[in-house]
Amino acid sequence: MSDAILVSGLRKTFGTTTALDGLDLTVSTGEVHGFLGPNGSGKSTTIRILLGLLRADGGTAQVLGADPWTDVETLHRRLAYVPGDVTMWPNLTGGEVIDFLGRLRGGLDQAKRDALLERFDLDPTKKGRAYSKGNRQKVALVAALASDVDLLLLDEPTAGLDPLMERVFRDCIDEVRADGRTVLLSSHILSEVEALCDRVSIIKDGRTVESGSLTQLRHLTRTSLSAVLDRPATAADLSALHGLHDVVIEGDRLTGSVDTERIGPVLDALGAHGIRALTCQAPTLEELFLRSYQS
Amino acid sequence: MSAYTGTTELLRLAWRRDRVLVPLGILAIAGMAVSSAKATLALYPTAESMGGAISEIFASPAAVALYGPIGNPTSPDSLAVVKMTMMGAVFLSLFGYAVVRRHTRSEEEAGRLELLGSGVVGRRAPLAAAVVLATGAVLITCLLTALGYIGLGMQSAGSVAFASGWAASALAFVGITAVAAQLSSTSRSCAGLAGGAIGAAFLLRSIGDSQATLSWLSWISPLGWSTQSAAYGANRSWVALLGVAVLVAGVIGSFALLDRRDLGAGLLAGRRGSAHAPASLSSPVGLAWRLGRPGFLGWLAGFVVGGLVVGGLAKSATDLIKDPGIADMLRKMGGGEGLLEDVYLTTEIGFISVIAAAFGIVVALRLRSEEVAGHTEQVLAGATTRSRVLASHTVIGLLGSAVLMLVLGGVIGVVDAAAGGSAGVGRLLASAAAHVPAVWVCIALAVCAYAWLPRIAAGVAWGALAVFLTVGEFGGLLGLPGWLIDLAPFTHSPRMPVEPFSLPPVVGLLAVAAALLAAAYAGFRRRDIG
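Residue numbers (the working numbering), protein chains in the order written: chain A, 4 to 298; chain B, 52 to 581.
In short, the hints are calculated from the structure, not lab data.
You may find that some hints are simply not true.
[Unchecked claim] Partial chain B-side listing against chain A, Cβ under 8 Å, derived: (1) Arg323; (2) Ser333; (3) Gln429; (4) Ser438; (5) Thr521; (6) Ser553.
Positions of the beta carbon are idealized from the N, C-alpha and C atoms, including for glycine.
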């Protein structure tokens, strides 16, 4: 089995609102897959369908080779979930919640649990109502990471964590990957996605707009370019040139953006004008996301 | 910025949220009061035409313990309201309490007060708005009821006294809830404190009203003020001032507490707990028991006390009624022959079974609050099934209510036997057990409502219980058709020990409960969670 999650054409409506409109998502076994999209684009709805909490109106979804709606019990022994907004039972302690959620999944590794509590610097004796948002998040993370499962579904798991804990989280995910387990990570923290994810899927309005490795996605985006030329080019010189966009010429300085696969030919053409200075900047992740989110 | 800045805006917000709930509560309580009085007056236009029936029932301390003393045995107006006085006072007090809690501790627990608190809102404004809304709701209910009674042609001064009694009780609990909301650090413990206060007040006045030597207990209980207003008799309208005094004291006290605590905290601080879960906490039902245990123990204590009171009064209640005419009438009321003591105990156990149903509904509706809080999602993400999640709180409700009833029957039996009564522990246990199937129907209905209509489950469950209670208590009085009265499950409970055990109604009730639970599972299996 090669794909841990295989979703195609997933649809879900709530009354008159369409939450998912033919969403596709493929997560290969053993990869950390980033799941990105603006607020309200359907990330949590997708995850909740994958958990069998919501029933899809159309399309197919397979998780670890099973149907998430019908094979709940056997499937959930093999996965763990961290919700975006962790709520705790006010009168249960963090330790009790960790044990309870772990046992529901068929047991958890005590040694791992204790080590994780240590690493995340979490006091398990406090009652649920006394935890801050970040600490509630840690409770859910410890419960999920201490279980020996094949798949982790994480819905913005680090939204409330401080940078130190964010680092611990990244180390934990790296270890999960080293174990050959699979992670679906929904996140808005781009540096986290860049550091952790093998591949990403970007969704918007309930549809997948981009999917692939970060290198592939970068390739689809333009590189920004700024050059100082000996012989100033005119707009007419450049109009025949494919792949160069948003050109602004101010004296001997030319700025614009280039389709990444057309950098070579464009530079050749500019070379004819005598390049004195040149900066080329690969698209930042932020630009990549903004372009996908806004398109 | 004063501590009250924003009160008007918050009041408007509260009204916007409650624009259905509050008017509905007002109309339900006032409507029930006026319609039951109207029906009674239509049946018995003069005190003489009642043949003294009602007044003689009220010679029984048991009835007085339940309903309170009669304001004026010679006035038909007084007789028309006597059944409604205490029940309405309890409902109205619960109403006032619910409104205050809803807009104070519940909001704070949900984190919404924090959001508001960051705006231009004074520290005391949220509590002030909640108290104003609750006070307004209580006063309008009282006013509408008084106007309704006067409209029926009942004596004006008495109608005002009646409404004043209600206002005294309910306003006091508005003040008490305001304090409870500051003391507790969760909505649930606020409910425990305020609900416990209402229960204690009922107990105090039921002892005070039924034992002449202890009548002062009725005066220290806010619920006692409703009957002490002696409507259509002494007309002590001034009891309203007692309620106002408690309200003012409560509000001043709660403001003082509020000024001394942090947002989100209570004065009763949270404690630390165990770092590991006990072995019992490893399944949905284990979780349900863990969450429901403190509440259940509270109810259990209440049922033990209730059993002590009912059992303790049984002997004296029946000793007092020596008159063969009254005895005959009570038998007719009880619907059967048998010892007078049995008739009394049958009525009490039947009435308390409604309270056991209320316990079960509280537990069953926890399914909904768990889902709203996002907890159900976390549990279902584990390797469990929908049926186990649905069964979790349902099982606690069903078994818990059965235990409550059996404990009640046992305690009544033991106390009665100790006092020289003749009811017998075994017979009372059997009687309590015979009432359990009807209780289960109410709980199963709540679970079914949760599965199919989660948003309005609470309204459906409580509404059904209110209808069952009203139909059972007032059905005959209101001249409702038989089929409507038959809708109430409690009507079908075998009236043991007055009547012998009868299998068909018990089997029928169990079948209805089972069908409702099966329907609940069918609905819960296929719906979205959250």
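Taking the hints in turn, this is what the structure says about them:
Restraint check, arginine 323/B versus chain A: the minimum CB separation of about 5 Å is within 8 Å; hint holds. Restraint check, serine 333/B versus chain A: the minimum CB separation of about 4 Å is within 8 Å; hint holds. Annotation: glutamine 429/B was flagged as interfacial toward chain A, and the flag holds, the nearest CB pair being 7 Å apart, inside 8 Å. Among the interface hints, the one on serine 438/B is violated; its C-beta lies about 10 Å from the nearest C-beta in chain A, farther than the 8 Å criterion.
Evaluation of the threonine 521/B hint against chain A yields a violated restraint, the C-beta minimum of about 35 Å exceeding 8 Å. Hint status for serine 553/B: violated, given a least beta-carbon distance of 42 Å to chain A, over 8 Å.
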